[in-house]
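**Student:** The lines below spell out each chain.
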Amino acid sequence: MIYRCSIFLFLIFLIFLRFYSTRPIYKNGDFIRITSKVYNEPIIYERLQYLKIQGLKIYLPKYPAVNYGDTIFVEGKINDKKLVSPKLIEIKETKNFLYNFRQKLIDFYKASLPEPFSSLVAGTVIGSKNMPESFWDKLKDTGTAHVVVASGTNVTLTAAFLIGVLTVFLKRRHAILITALGILGYVIISGFDAPIVRAGIMGGILLFSQEKGRVVSTWRILIYSALIMLIIKPVWITDLGFILSYVATISLILFQKIIDLRLKLIPAVFREGLSTSLAAQIGVAPIIFVTFGQFNILSPIINALVLWTIPYIMVLGAVGGIVGLIVPVVGRLILFTLFPLLWYFINILYIF
Amino acid sequence: MVFHKYFIYFLTLVASAIWLSVFSVGANLHVIACDVGQGDAILIQRINTQILIDSGPNDSVLNCLGKYMPFWDRTIELAILTHPDKDHSGGYLNVFKTYKIKNFLTNDLNNKLFSSQYIELLRNEVGGRGTEVIYPDIGMGIRVSLIYLDILHPSQDFQSSKTNNYSIVNILKYGNFKAIFTGDIEDVVSDLVSTRPELGEVNYIKVPHHGSKNGLSEKLLQAIKPKVAVISVGRKNSYGHPHKEVLDLLRSSSAIEKYKLKILRTDEIGDVEIISDSQTFWTKNEK
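Taken in sequence, the protein lines are chains A and B. According to the working numbering, the stretch in the first sequence is residues 1 to 352, in order. According to the working numbering, the stretch in the second sequence is residues 1 to 287, in order.
Since the hints were derived computationally from the structure, they do not count as laboratory data. Hints may be right or wrong, so weigh each one.
What the hints assert, rightly or not - No more than 30 angstroms apart at the CA atoms, straight line, and that leaves these computed lysine-lysine pairs for DSBU-like:
id, chain 1, residue 1, chain 2, residue 2
1, B, 112, A, 87
2, B, 244, B, 262
3, A, 104, B, 284
4, A, 104, B, 97
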């Protein structure tokens, strides 16, 4: 017990240490130059692209386009956590295989399916937010944006898919090891968004505890993953994605089973989506409402109608994308088979 | 057993994909002025043949292409950039990235008058894609399956200090249906075009320059006697397009009575879709 407490205290101490040692030293009005790797996919607006680097908001002209994984060199003046009149001096494109793989996948989806279907696939499979603004707004209005910001669900699905396929061919031990590597690869490909990292760490701990044959409580995994994340990147404590991800997970653990049991009348296809969405909303809706002033009372119903398609879109989309990078025609045919589901998903959104 | 189940799911998906693709095509000609805000993007489609005239100011043209083109068709047979202004060229970068464009009809983008960072990006994109680039000339004819295009403007040696006046003007013919697309030409060129012998009466006009008073001329209107005038314009745009002068010209008693002219605006009704079976034509939802 003492042993556990001391680990716990030590982790908290580390967070404080990291928080104070990584605090930026610049103040308003300073003129600075930053060289940094881009760890999140820039969000594209009509004339601008938005990125967040070292806790600073930076709005750059739309072209030349900055991609996730590139290293950029910008200068500008600090004003209230924003870089005013930023100037992009240089982009060094990444040579890393995984970053390029992500970009190639997105390009392949966009070249194989029309908008907004391609954005839906790219968002669902690897959390790409590079999509027409009108579609992004539609997703936000209907409360379904979480499906395209790669989330914990994606990691769970990746892990389940890999374990399911690998245990057929390999020893369980090896399968678990490769799955863990697969999760890591997925976290890198989909951009280090807080929800993905959370799910990646939680999934990793679960996998290895299974391997060792130990039962670990979900709560403990949840707390340890949060601590680990804050040690790596203390600014995450103020990141909305981080907060929402944890609040949603906690709400799911607390309420999902109870709600699911009471929805026996709902057909099984829609039930899981509805209970998941209702449970998550209990925690998430107030936060979203306070921060964005957005709240759609129909959102659980819309989610119930569309969420069952996500595993299929994700699995077929991933398989189609990977095959497509090797044999484009075959990959494209696989993506075409997804079209009815995508068509259904998007038409549901536009009915509401 | 589990695999069995998923295999059946998969076959169901394949079957419905095939049905959806069968129902997504019809044999008529569709002329769709996409609602892309302040700018032009006109999709002309017959079965799996597409011509795209301009690409609007941004990526919203991709939504329009996605909405009307069959989902399995990733090829646009002919793309036309009437002139390089951003409200006509802005979407092409990503159209070239995501679709296969067979032919590209454009003014010479190396012209100093057009130079901008975006145009340079676009030029490189086009150059790297194996697209056949065609430069316009008066009297040039282009055939794309059963659709014929005649180029009325500009000639190869045309010179002007205004980008707008380089706008490629063409007449489309599909059986008895005729439509004229005018880009952003100003009234000087409008008058010039009205004297072209191949003009004759035309069913459909894309009103020049989003209905700016410095666009459609009375001479051109009288020469072609259109039945439908389409204005592609953004809601509450900062230019005040379409201007009252042009609306008055279109609504003038002679136009309404003689040609039974109908004005359709993208800012009022969204995408403007005209359908023709080569004999007659109608706007969507009425025949």
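**Student:** What's the verdict on residue 244/B and residue 262/B, does the C-alpha distance respect the 30 angstroms limit or exceed it?
**Tutor:** With Cα atoms ~16 angstroms apart, residue 244/B and residue 262/B stay inside 30 angstroms; holds.
**Student:** Mind checking the alpha carbons of residue 104/A and residue 284/B for me, to see if they're no more than 30 angstroms apart?
**Tutor:** violated (39 angstroms)
**Student:** Can you confirm whether the C-alpha distance between residue 112/B and residue 87/A stays at or below 30 angstroms?
**Tutor:** Holds, at about 26 angstroms.
**Student:** Within 30 angstroms, alpha carbon to alpha carbon, are residue 104/A and residue 97/B?
**Tutor:** holds (12 angstroms)
Of the hints listed earlier, the one the structure fails to meet is number 3.
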